Amino acid sequence: MQFPILSVIVFTPLVAALIIFLMKGERKDEIRVTALAASVFALILSVWVYFAYDQSAAGYQFIEKVDWLPVLGISYHVGVDGISAPLVLLTGLVMFTGVLISWGIDDRPREFFAFLFLLAGGVFGVFVALDLFMLFFFYEIAVFPMYLLIAIWGWKQTREYAAMKLTLYLFLGSVFALVGALAMYWQVGQNTGVYTFDMLQMEKAGAMAGMVEIFGLAIPFQVFWFLPVFLGFAILGGIFPFHNWSPDGHVAAPTAVSMFHAGVLMKLGAFAALRVGIMLLPEGAVYWKYLILGLALVNVVYGAFIAMIQTDFKYIIGFSSVSHMGLVMLGFATLNREGMVGAGLQMFSHGVMTALFFAAVGMVYDRAHTRQLPELGGMVKALPWVAISFIIGGLVSMGMPGLSGFVAEFPIFMGVWKDQWLVAVIASISIVITAGYVLIAVRRVFFGDMPAQFEGHITPISVLDKIALGTLCLVMFALGMFPGLMAPLVELGVQNVLRLLGGA
Amino acid sequence: MDFISTHLLTIILFFPVLAGLVILFIPGDQVKAIRWTAFLSSLVPLGLSVWLWTAFNPNVAGFQFEEQYEWYAAINSTFHLGVDGLSLSMVLLTTLLTPLAILASYSISDKVKAYMILFLLLETGMLGVFLALDLLIFFVFWEIGLVPMYFLINQWGSANRNYASLKFFIYTMAGSLGLLLAIQMLGVLFQTYDIVTLAERWSGLEASTLLGLSTSTVKTVTFWAFVIAFAIKVPVWPFHTWLPDAHTEAPTAGSMILAGVLLKLGAYGFLRLVLPFYPAESAQFASWLAFLAVMAIIFGAFGSYGQTDFKRLVAYSSINHMGFVLLGIAAAAKAVGTLDATIALNGAVLQMFNHGLSAAGMFFLVGVIYERTHTRDLRQFGGLFPLVPVYGTILVFTSMASLGLPGLNGFVSEFLVVRGAWAILPGFTALAMLGLLMTGAYILKGIKDVLHGPLNEHWAHGEHRLTEINIREILVMAPLMILILVIGIWPMWILDVINKAMTMLF
Amino acid sequence: MSINFLSILPEVLMLVLGILILVLDPLWKDEKRRLNLGWLTAGGLFAVLVISLLFGRPGAQGELAWGGMIRFDMLGYAFKLFFIFAAAITALLMMDVEGVSRRAEAFALLLASTIGMSLMAASADIVMLYLAIETTSIPLYVLAGFLLDDKKSIEAGFKYLLFGAMTSAVLLYGLTLVYGFGGATGFDELSKQFASSTPFSIGVLILLVVGLGFKLSLAPFHFWAPDTYEGSPTPVAGFLSTASKAAGFAVLARLFLTTFGSSAQEWQMMLAILAAVTMILGNLVALAQKNIKRLLAYSSIAHAGYALLGVIAASELGIASAVFYLLAYVLTNLAAFGVIAIVGRAVGSDDVRAYDGLSRRSPYLALAMLAAFLSLSGMPPFGGFIGKFLVFFAAIQAGWTWLVVIGIITSIVGVYYYLTVMKYVYLYRMEGEDEEANPIPLTRPHLLAIGILTVGVILVGTIFAPWFGLSTDAAASLFSAALLK
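Residue numbers (the numbering used here), protein chains in the order written: chain Z, 1 to 504; chain V, 1001 to 1506; chain Y, 2001 to 2485.
Please keep in mind that the hints were generated in silico from the structure rather than gathered at the bench. Keep in mind that this is a model prediction, so the values were computed, not measured. Certain hints may be false.
Derived DSS-like pairs (lysine-lysine); straight-line CA-CA distance at most 25 Å [what the hints assert, rightly or not]:
| id | chain 1 | residue 1 | chain 2 | residue 2 |
| --- | --- | --- | --- | --- |
| 1 | Z | K165 | Z | K65 |
| 2 | Z | K28 | Z | K381 |
| 3 | V | K1167 | Z | K466 |
| 4 | V | K1032 | Z | K381 |
| 5 | Y | K2152 | Y | K2290 |
| 6 | Z | K156 | Y | K2290 |
| 7 | Z | K381 | V | K1111 |
| 8 | Z | K289 | Z | K381 |
| 9 | V | K1167 | V | K1111 |
| 10 | Z | K28 | Z | K165 |
| 11 | V | K1448 | V | K1500 |
| 12 | Z | K156 | Z | K28 |
| 13 | Z | K165 | Y | K2152 |
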């Protein structure tokens, strides 16, 4: 038997959370070191998985399968393909940098890190899940620590409201998706005689055939259930019109949680929407693709416009995430190779980018205690690292070539061109708007004159912070300059999706 | 050596970035070390491109020193570099101006490290555009050049820099958006971004359709997208309004590069992409282009004449001069393949090179006097020649090149353009001559206001006593002046390369 | 029909235990030794649990025993295990309730009621059923009103008694009608009499639903629950909300599926409407509660609605899911009431504000509470998630999608109020902000109980195959019995 590396990755944060819970609350440094050790371990493993993925073999790899509830066909079944491997890596990265950035948390660090790791464990679990039940199981595990993390350590003014709103939205989405998933289970069972949650079985051609009778209308099964499943997950991806939990949530969350939230959790939604929505219900995807395309387009453009008019630094980034996740959805909705490859890359790129953004915002806020653009200025002198990181992040977000955003967005637009040229044209407006708001934010926060009350109060960032920022920047440069590091991998995953779509 | 000769273009392209990385690790307070590292390392690409020039065989059609690497297989884009006569001259111009601009920036004392890194990055961005043989790579570098320029203006510019830099960025960004969409359309259509392959397959396009749009529609759309993007960059009247602002606010070296190289990117785009790929459309719209060119020439000249700000005067002169480049291109577009067209093209390309030299020189000279007087207001100068005779001489010399005095480089190129265009677009050319007249007027006005007339006593005495141009500054000007003179007297060394390239290209 | 002692082994053992307690009561005069009453009860019950697990397992098919009074099958067995476990935990929790902990009667009543429940779950005859229900209820009336010094407790006891008596009467009326028309008392025999659905059988069903609805605290028969829970000693309230409710489900499943299997369509719809109302009402009213016991009361009303989904599905999977749901729910709700008992004792208040800063005062207690509440709201990796998953799963299979949608929406409401409580625990600070100086004292029995429950909740939520196996066995035994007719 091979080394169960994926399980180790999933359970590292969970076990670490348990260990941290059992430590003494006063020994804060020990807790932090434990957290760091666990996150480094998980990062190393996820990097290893990423590079050890055999591109010539393609398909799902590092598969492990253990019966969980065999009576109902539930198993613990994990494996990665070209789409999930980058996301596992992303999670490892964000977890590592998140821990570094949260070093300074002084209020109950034990609980903080433990909840953060529960969240991380849930996220890892979803990305590697090949069993629909398991996917839900870990999906929910990823949702609830969010509430506590935001409510306890978040921004005092909105944390209670935002945390609750976020949790309810996500829960709502996930349970609707769950109903769809259960319906799929029974349908597959009826069609094939095999009752199972194993997605590899469920995605087989013809497994989802059939009709749904409702109010005397016969609707193809896939068409009927695609919407609740896809949208249910896409809520977590921030799809319009269910996006408005996301900026509030981002803003209220403490820095590391915003990083996780925007960086990884939104990908979770998009990923699950792809895995469950598009891959298991390809006919539905084809049927509804223009709706998704339309919604995503609204995301892209509307999100950018709203970001433009914000005065709160963090809200700008929050809405920019809405806009960028719209691009991911847009890529999915094209259902063609370029668009999906781009969407896969964009998930990774945006994850790293927003993590960096929120890290930078957090560092400024921790020192200035305000995020209002008019009240900030001149931070570049006191916080050069933060300024440079933010600028790099900004360039990524406006799709500047040479950075990861470009290599991700470009294929998305190509995909959209192939499909609906008008959508591509409209969506491209967002690029200019993005450039506008990023530049405005950069100028107002980092340049100009520093308001007098900040003089001397802006302490430099720590080495750990620098490591975190540097790591994230480096990844974006690497991917931007050498798309070959990731694109072929994603393409392998996309080919599998296209194969399924081809059967639709 | 073998490695260098086989990867020559890559090395020229990325050497500045590497140097930038090295500078990143020099402590910020070691200003001298940073400056010298930047300067010396920018000499390396210059040396290599001179080598490239000598090793280049102008008699062979197509691209030379080609390099191609796997880059983004998922969308069939490769990292494909190569040079022909056209890009070679632009590469030489870029690598020449960058060390000079860096040398000119020795007076910068604020955030030197970031400044130098951005400058080197800018060089890579510009070189990349000239070297790229893949549309996507072309676009990548097109955009990369934008960022350092934005920050150079925004951080080291003068009073109104925020407005100017944002305007610059948004204008060019909007232009490049069209470019992006057009490139995507082509990429989707052809499943490749390789310019060489595209050129081969281009004629096969007629039969196929895309996206429910007819082929001719796609062609027209992408044609206009390219034209607008490049026109903004050149800039063509009426898209020129960002330029005076950006120039005026940019630091001296920034203006040098902006006028010297960045404006050429647009013209290069016309020559590299628009004319070869869209001969029919180009011919159809050539008259319009010529009209815009003439407008640029005339309005640029009049605009320049009306300025009281020395730097703005020079900035408008750029519009004026780039108008000639465009006129040459328009003429060539109208009658592609004819001898006249080739002559006009030769003139246009040479004008690009020449304007690079003279505009950079002019901006630098404006910078020299601005650093001493902290004003650019022409009304506050006057009669400075006796105070600074050397500076005065250099200024007059460079101005004359800009004016198009026979014996200096400007004359050669402008003559060629007009000679070529005359037979093709007589009406527009005649109008352009009117603009040429005004060129003389504003240049002489500039010289008069600064150097001649009654002496402004303010600059003659005490702490405001105007100091003479120093050795470093002369060193910046010397190569420019030498080239101006050499091309003016013996243009064949460069014209030969350009001419062969143009003949083979069209 | 044989005399099978194995079939009533737990009941017998519990009876012995009860007698032992009553005997020891006068002997243990010393206050300190009296505390051992609780240990004895809890320990004894755990022993009964182990013995039952080892020896008391019935065959897969099940058999009638004691002259047809009792059916010795997996369904009854599974529920008995739940009851015994719940009673043991309750005994542990009762050990620190002032006015209860040293009273032997309290423990004896607890045992008596548990015996009643066990018989309820196993009874196969309407006479036996009624007797068992009364055996269960009467000790509970007393326990609810056990704190004679506390007016609220007395009110709770009385309210429970009055409601209970009335619904018992309705149930009894229903049962007499069943006998009168069916001419028999055994479930199996009766199922032959009610082989087809008639308007009459529907009328009877309505009466039975009312009677059992009270036990299950289904809306609109739930009015007693909040007041009773609020007033009675907290561990008793926990017992009421878990074991007593589960007992009702056992009866409901057995009676309706076997005897009234032919009228399934009718009672399914009837129960579906009740379930919908219960889920909606329970969750919505819980939103407004500021007293945590009342909040949990309404939440447990709502949970009855979810568990009902499994019964409504009326399939083998449905019953299995309901059993599993109840298992998870028993563990979870006991944990929740346990925490509340501990905090309530230390703080002296059941207001949610009393929970301010709990996570700083006692991090582990807060964690246990978090686990319990998240499990109640249906989040993994806790038992509640699997429970909800399974009942929805079964209901969708049976085509009750609309009911599932209601269940989902109301469970989101549930998430809201459960998390709101956690906000007090984790976010707010207690007055004076020196939580560290005011830890919540945790006694050994409490620690044990909470520890067992928390581990249990997580265990059921992660390694669920063995528990689900038990549930499916229980369901299978019911269906094999139904097939016998």
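Restraint check for Z:K28 with Z:K165, where alpha carbons must lie at most 25 Å apart: violated (31 Å)
Could you grab the alpha-carbon distance between V:K1448 and V:K1500 and see if it respects the 25 Å cut-off? violated (41 Å)
Given hint Z:K381 paired with V:K1032 - CA-CA distance at most 25 Å: Distance ~21 Å between V:K1032 and Z:K381 Cα, so the pair holds.
Z:K165 and Y:K2152 were given as a pair; does the straight-line alpha-carbon distance stay at or below 25 Å? violated (37 Å)
For the pair we were handed, Z:K165 and Z:K65, check the Cα-Cα distance against 25 Å. Between Z:K165 and Z:K65 the Cα gap is close to 36 Å, so the pair fails against 25 Å, i.e. violated.
CA of Z:K289 to CA of Z:K381, is that 25 Å or under? Measuring from Cα to Cα gives roughly 48 Å; hence the hint is violated.
25 Å Cα cutoff - pair V:K1167, Z:K466: violated (33 Å)
Hinted pair, alpha-carbon criterion (25 Å max): Z:K156, Y:K2290. Please report holds or violated. holds (23 Å)
If you draw a straight line from the CA of V:K1167 to the CA of V:K1111, is it 25 Å or shorter? Holds, because 23 Å separates the two Cα atoms, which is no more than 25 Å.
Under the criterion that the straight-line Cα-Cα distance not exceed 25 Å, is the pair Z:K156, Z:K28 satisfied? Measuring from Cα to Cα gives roughly 23 Å; hence the hint holds.
Under the criterion that the straight-line Cα-Cα distance not exceed 25 Å, is the pair Z:K28, Z:K381 satisfied? With a Cα-Cα distance of about 32 Å, the restraint between Z:K28 and Z:K381 is violated, given a limit of 25 Å.
Does the structure keep Z:K381 and V:K1111 at a Cα separation of 25 Å or less? Given pair Z:K381, V:K1111 holds - Cα atoms ~10 Å apart, limit 25 Å.
This entry does not satisfy hints 1, 2, 3, 8, 10, 11 and 13, going by the numbered hints stated previously.
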